[in-house]
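**Q** Sequence lines, in order, name chains C and Y.
Position 42, counted from 1, in the first sequence is what my numbering calls 42; the numbers after and before it change by one each time, with no gaps.
Take any residue in the second sequence, note its place counting from 1, add 251, and you have its number in my numbering.
Note that these hints are calculated values from the structure, not bench results.
Take these hints with a grain of salt, some might be off.
[Claimed, not checked] The calculated BS3-like cross-link candidates involving lysine-lysine, where the alpha carbons are at most 30 Å apart (straight line), are:
no.: 1; chain 1: C; residue 1: K191; chain 2: Y; residue 2: K377
no.: 2; chain 1: C; residue 1: K33; chain 2: C; residue 2: K52
no.: 3; chain 1: C; residue 1: K191; chain 2: Y; residue 2: K370
[To be verified] Per label pair, the in silico range of CB-to-CB distance:
no.: 4; chain 1: Y; residue 1: S281; chain 2: C; residue 2: L224; range: 22 to 28 Å
no.: 5; chain 1: Y; residue 1: G288; chain 2: C; residue 2: S105; range: 45 to 51 Å
no.: 6; chain 1: C; residue 1: M72; chain 2: Y; residue 2: G280; range: 40 to 46 Å
no.: 7; chain 1: Y; residue 1: G397; chain 2: C; residue 2: I192; range: 15 to 21 Å
no.: 8; chain 1: Y; residue 1: E379; chain 2: C; residue 2: T200; range: 26 to 32 Å
no.: 9; chain 1: C; residue 1: A190; chain 2: Y; residue 2: G368; range: 21 to 27 Å
no.: 10; chain 1: Y; residue 1: A285; chain 2: C; residue 2: K191; range: 19 to 25 Å
Glycine included, every Cβ here is placed at the ideal spot set by N, Cα and C.
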Amino acid sequence: MANTLDQLVDQVRENRIWRSIFRSGTGESNLHKSLFVQQNVFLHLFSIKARKRTLEFSATWYLGALTFGTFMILVITGVLLMLYYHPSVPQAYADMKDLQYVVSSGVFLRNLHRWSAHAMVFLVFAHMFKVFYRGAYRTPREFNWIIGVVLLLVTLLLSYTGYLLPWDQLAFWAVTVGSNIASAVPLMGAKIRFLMLGGTAVNANALLRFYVLHCVILPLAAILFIAVHFWRIRKDGGIYAGDHSSEGSNQ
Amino acid sequence: MPEDVKPKPSPDSPEEMSRRQFFVKLGVGSVAVAALGTAAFSYEYLSPNVLYEPSPVVDAGKPDRYAPDSVTLDPQTAIYVVRTGEGFFALSAICTHLGCLTAYKPDLGIIACPCHGSKFNKDGVKIEGPAPRPLPWLRMWLSDEGNLMVDRANAIAIRQLVRV
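I would like the entire structure built from these sequences, with the hints used as guidance.
**A** Next up, the structure:
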């Protein structure tokens, strides 16, 4: 039975259509394995080879991967929430309540989005601390640390713009306070606040701007920088495994 | 042949530049001009020219609506109408710290902000808290119909009471 199943899998993988998609083909050799990574647009961001030590839990606690996992959950649940949410006053609040009480599984998706957002902010900080205390930001990985700081800012901005969308009292006053903090910037503070809100008060324009930032601009920025972040791991010699002096004893 | 006699211009000399350098400079320059234009265009596009926001001028109604020595908050327009023994004045209810809506506490006789704990007296003068400035007095006048009018966009530096 197992044999016939293996044969069937092999048959599929030898199939002309399959081969046109996955050009590396079957085979257990290192060449086949590395070609499989190289020739996949998503996997080619990652190294072909990894040190065993870097794949252990203790090396990274998988914090970066978990952060990416929460980001994927947020993208999927966020797109689904967009199908019921109108970014207009006062419809936004009613839609949020409908998602909680009327739409099938709406409360599940909304809470999943909300808790994943909290988890992502927590994980981004945890990932940053882990990288910092292991010294994984040092040469040649300084630039990837900077990309990471940009991603931290994008995450916080996503969190902040998403905060307004329920259009409840908490959202309204949080963004009133936040936009007034932005207006404390010297010389151009009032202009920044005006551009941010699209007006002088937290109103329909502000809701729409925050919605577009939250659903389009910031996620695209996040995806772009995540791609560079992953690709730089490969270019900087893989995930940091520890000092070269202690590397021998680890293996 | 005159060409042979003429000294060949050196591309390194500061006065002369090669054809290629000229076109590179021209190209970079025009891209820079276009980028500046795009920045100005974006700024203009992102600044709304017309705002569909409530008018800053508020009709606060007839003066006899307000009891003597009272402080009345209208949460919709975020103003206090204060009536003293001598007359009326209007006070902004928006905290000068970070813009929260303050509330009047009649039992304490003070105005307090729920967000970060700033406190003001009935004249808007700061008692304590993170607020950097007193609550501004707003321009108030009587309309032809005898209603109290308040311009929220117009803070007055010199305190004036409206006497009815």
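**Q** State for each hint whether it applies.
**A** Now the hints, each set against the structure:
| no. | hint | in the structure |
| --- | --- | --- |
| 1 | C/K191 with Y/K377 | holds, 27 Å |
| 2 | C/K33 with C/K52 | holds, 16 Å |
| 3 | C/K191 with Y/K370 | holds, 28 Å |
| 4 | Y/S281 with C/L224: 22 to 28 Å | holds, 27 Å |
| 5 | Y/G288 with C/S105: 45 to 51 Å | holds, 48 Å |
| 6 | C/M72 with Y/G280: 40 to 46 Å | holds, 44 Å |
| 7 | Y/G397 with C/I192: 15 to 21 Å | violated, 42 Å |
| 8 | Y/E379 with C/T200: 26 to 32 Å | holds, 28 Å |
| 9 | C/A190 with Y/G368: 21 to 27 Å | holds, 25 Å |
| 10 | Y/A285 with C/K191: 19 to 25 Å | holds, 23 Å |
Hint 7 from the earlier list is the only one contradicted by this structure; the remaining hints agree with it.
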